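Participant: Let the hints inform the model, and build the full structure from the sequences given.
One letter stands for each residue in the lines below.
Protein chains: 2
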Amino acid sequence: MPESIEDLPTPCIVIDAAIVRRNLAKAASYARERGLGVRPHTKTHKSTLVARMQLEHGAVGLTVAKVGEAGIMAGVTDDLLMAYPAVDRRRCAELASLARERTVRVGIDSPTAADCLAAAARSAGSTIGILVDLDVGHHRTGVQSPEEALALARHVEKAAGLRLDGIMFFPGHIASPPDEQAPALKALSEQVEALIAVWRKNGLEAKVVSGGSTPTLFQSHLVPQLTEIRPGTYVYNDMNCVRGECATLDDCAARITTTVVSTAVPGQIVLDAGSKTLTSDRCGPAPDSGHGHVLEYPDAKIVKLSEEHAQVDVTACDRAPKVGDRVTVIPNHICPCINLQDAVYWKEQGEPARTIKVDARGKVF
Amino acid sequence: MPESIEDLPTPCIVIDAAIVRRNLAKAASYARERGLGVRPHTKTHKSTLVARMQLEHGAVGLTVAKVGEAGIMAGVTDDLLMAYPAVDRRRCAELASLARERTVRVGIDSPTAADCLAAAARSAGSTIGILVDLDVGHHRTGVQSPEEALALARHVEKAAGLRLDGIMFFPGHIASPPDEQAPALKALSEQVEALIAVWRKNGLEAKVVSGGSTPTLFQSHLVPQLTEIRPGTYVYNDMNCVRGECATLDDCAARITTTVVSTAVPGQIVLDAGSKTLTSDRCGPAPDSGHGHVLEYPDAKIVKLSEEHAQVDVTACDRAPKVGDRVTVIPNHICPCINLQDAVYWKEQGEPARTIKVDARGKVF
Numbered sequence: 000m001p002e003s004i005e006d007l008p009t010p011c012i013v014i015d016a017a018i019v020r021r022n023l024a025k026a027a028s029y030a031r032e033r034g035l036g037v038r039p040h041t042k043t044h045k046s047t048l049v050a051r052m053q054l055e056h057g058a059v060g061l062t063v064a065k066v067g068e069a070g071i072m073a074g075v076t077d078d079l080l081m082a083y084p085a086v087d088r089r090r091c092a093e094l095a096s097l098a099r100e101r102t103v104r105v106g107i108d109s110p111t112a113a114d115c116l117a118a119a120a121r122s123a124g125s126t127i128g129i130l131v132d133l134d135v136g137h138h139r140t141g142v143q144s145p146e147e148a149l150a151l152a153r154h155v156e157k158a159a160g161l162r163l164d165g166i167m168f169f170p171g172h173i174a175s176p177p178d179e180q181a182p183a184l185k186a187l188s189e190q191v192e193a194l195i196a197v198w199r200k201n202g203l204e205a206k207v208v209s210g211g212s213t214p215t216l217f218q219s220h221l222v223p224q225l226t227e228i229r230p231g232t233y234v235y236n237d238m239n240c241v242r243g244e245c246a247t248l249d250d251c252a253a254r255i256t257t258t259v260v261s262t263a264v265p266g267q268i269v270l271d272a273g274s275k276t277l278t279s280d281r282c283g284p285a286p287d288s289g290h291g292h293v294l295e296y297p298d299a300k301i302v303k304l305s306e307e308h309a310q311v312d313v314t315a316c317d318r319a320p321k322v323g324d325r326v327t328v329i330p331n332h333i334c335p336c337i338n339l340q341d342a343v344y345w346k347e348q349g350e351p352a353r354t355i356k357v358d359a360r361g362k363v364f
Numbered sequence: 000m001p002e003s004i005e006d007l008p009t010p011c012i013v014i015d016a017a018i019v020r021r022n023l024a025k026a027a028s029y030a031r032e033r034g035l036g037v038r039p040h041t042k043t044h045k046s047t048l049v050a051r052m053q054l055e056h057g058a059v060g061l062t063v064a065k066v067g068e069a070g071i072m073a074g075v076t077d078d079l080l081m082a083y084p085a086v087d088r089r090r091c092a093e094l095a096s097l098a099r100e101r102t103v104r105v106g107i108d109s110p111t112a113a114d115c116l117a118a119a120a121r122s123a124g125s126t127i128g129i130l131v132d133l134d135v136g137h138h139r140t141g142v143q144s145p146e147e148a149l150a151l152a153r154h155v156e157k158a159a160g161l162r163l164d165g166i167m168f169f170p171g172h173i174a175s176p177p178d179e180q181a182p183a184l185k186a187l188s189e190q191v192e193a194l195i196a197v198w199r200k201n202g203l204e205a206k207v208v209s210g211g212s213t214p215t216l217f218q219s220h221l222v223p224q225l226t227e228i229r230p231g232t233y234v235y236n237d238m239n240c241v242r243g244e245c246a247t248l249d250d251c252a253a254r255i256t257t258t259v260v261s262t263a264v265p266g267q268i269v270l271d272a273g274s275k276t277l278t279s280d281r282c283g284p285a286p287d288s289g290h291g292h293v294l295e296y297p298d299a300k301i302v303k304l305s306e307e308h309a310q311v312d313v314t315a316c317d318r319a320p321k322v323g324d325r326v327t328v329i330p331n332h333i334c335p336c337i338n339l340q341d342a343v344y345w346k347e348q349g350e351p352a353r354t355i356k357v358d359a360r361g362k363v364f
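Protein sequence lines, in the order shown, are assigned to chains A and B. Count the first sequence with numbering that gives the first Met the number 0 and you get residues 0 to 364, in order. Count the second sequence with numbering that gives the first Met the number 0 and you get residues 0 to 364, in order.
None of these hints come from the bench; they were simulated from the model. Just so you know, not all the hints are guaranteed correct.
Covered by chain B, per the in silico footprint, the following chain A stretches (three or more residues, Cβ under 8 Å) [said to hold, decoys possible]:
hint, stretch
1, 46-54
2, 184-195
3, 307-317
Using 16 Å as the maximum straight-line C-alpha spacing, the simulated EDC-like pairs for lysine to aspartate or glutamate come out as follows [as the list claims (entries may be wrong)]:
hint, chain 1, residue 1, chain 2, residue 2
4, B, Lys321, A, Asp114
5, A, Lys321, B, Asp114
6, B, Lys206, B, Asp287
Facing chain B, a subset of chain A residues (Cβ under 10 Å, in silico) [as the list claims (entries may be wrong)]:
hint, residue
7, Ala64
8, Arg88
9, Arg90
10, Asp132
11, Arg139
12, Phe217
13, Ser274
14, Asn338
15, Gln340
16, Arg360
All values reported here derive from a predicted model rather than from experimental measurement. Note that beta-carbon positions come from the ideal geometry of N, C-alpha and C, so glycine has one too.
Facilitator: This is the structure in structure tokens:
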């Protein structure tokens, strides 16, 4: 049932549709000019409605992290990348089944993953595309050298059921403001070039070079090897983006409406959005900046969260809200906040808010 | 469908039923000996199945934080306490409706909450019991002095639709090991006694004195004014309990089964349980101890989480698991982990695991 924001049950996430469209159009325009494919990471919105909007804005396909997400997003695209290693029988079987009727690629960094996916693909009678995951400095996953990448690529090439498609990487370590990223992206580009050269010398081609993140989105041209980018957060943005200077508060499409439930402790207000709504994620570029930004009270600081309470220090504010008032919070990290909601409110200008389901919420498998 | 743990899709939470029963029996036995009512906080398990077990173990009723949880738990008890202020029309209306056919109490710290609940109760033709929330040192919510408590109690007494039942508090600031809690609990008891004395002098009675937490559970006798306690985490326990010395690893009933998905970065393994499974909550008593405890590799340290990855430093281990292996994690804080799952696996000894629904998951309203 459509509702006015003033009457929504709090805490809740309200998405400003106009800001979403502006964010999508900006990325699409940049990518078009640079000849890059956009393959948005759906982890941010976990919604088939928003995924469809991304495809309408020219996305070449979608990115997911988990098989459960792949199953949902297979409903809106026939071109999926799981940017996450599948190493067990169950995951590989589900991916192989999805690959029967669509392009499915998986990013991997071990022969175990290759063998497990190959066996599943053969059993399902499908072919799974493989991107070799390269560690470009984030040190989370990814092979460590061109030589390791070559060994894994050869392993993949030999495996019936698999198709070597290229490489992927995640530059999560580059979170500096965009205009300071050039040296890091230049080093990254050289690392990617070295890998491609070793492959080429050995008769292997990286047709797909998939990288990118929201902080580096509009600097992707500094890595000319890229064929596609996988920004996620850019669709909604958050305080990580704002304090990392890759978005402004006006670019934040997802805002949390909360109610003040207590002002009993002097100098403090308590909001009904705790870690069950905001998560405990700190702000990457500013870890001591509190648990989100209170839009109407910019001098307030969310100093402590428990599951259902946000304790907000208002001693620096020249006025403070009273019990029952509503205030808006931009969270530090929007992706896991969305994951905590069964539905969010979608707001078109001049229309009442309506709920949209977070279809791919909670898919940890 | 029942399954063996080795074949469960990971990451998943497996609950050991025998440990749950032992934890419940221990608390029930202590409370019986001391003449205390147990009103478990259901936020930890969010499950009507486990709530029923608590009631079978003698619980006098249940505690919830949110109206959505109250609606679910009303299915298994006719005695509910919402230990959280309701200050808006929607929440109060739903509580007033629930109060028509059962005992519903709410802990509040403002006249706004009292007025809103009273109006809703009158409109619904019900009566809502009120506990005045006292700040005993946690400084989150709660009136600040016996005089403020008296003023609010008088306000409640005058409001048609409300019934003044007593006081509540949450000693969340007392997290020291149980055998070091006596001084803090003595001070707390004196604070409670002062409030009761002021009320008595003014003809008001605190029939219900509701307090308690898991860390202070077995020290509740040091606050002789208590009539009931509201432990939550005691049913499952977690690393907060273990490192806070109020439980052992053997008392941890909820364990997270994970799969190693990458070992590409030297000295590190990556598990498929990130912040979407473990949450970003730090361990209260040991904030630098990592994001949970790896049971099979006690020298491993979960140093970094992203949404779907746990990066585990294994340089201190004399052996390390390989890609595809499964390892068990005890999380820092089990309550928000449960909230991230639609269902958990319930394991009776000698039987396959079966899923049970997390009925009250995601109820932020």
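Participant: Could you run down the list of hints and mark each one as holding or not?
Facilitator: A quick look at each hint next to the structure:
no.	hint	in the structure
1	46-54	violated (count 0)
2	184-195	violated (count 0)
3	307-317	holds (count 3)
4	B:Lys321 to A:Asp114	14 Å, holds
5	A:Lys321 to B:Asp114	14 Å, holds
6	B:Lys206 to B:Asp287	42 Å, violated
7	Ala64	5 Å, holds
8	Arg88	9 Å, holds
9	Arg90	8 Å, holds
10	Asp132	8 Å, holds
11	Arg139	6 Å, holds
12	Phe217	22 Å, violated
13	Ser274	6 Å, holds
14	Asn338	6 Å, holds
15	Gln340	7 Å, holds
16	Arg360	9 Å, holds
Hint violations for this structure: numbers 1, 2, 6, 12, all remaining hints satisfied.
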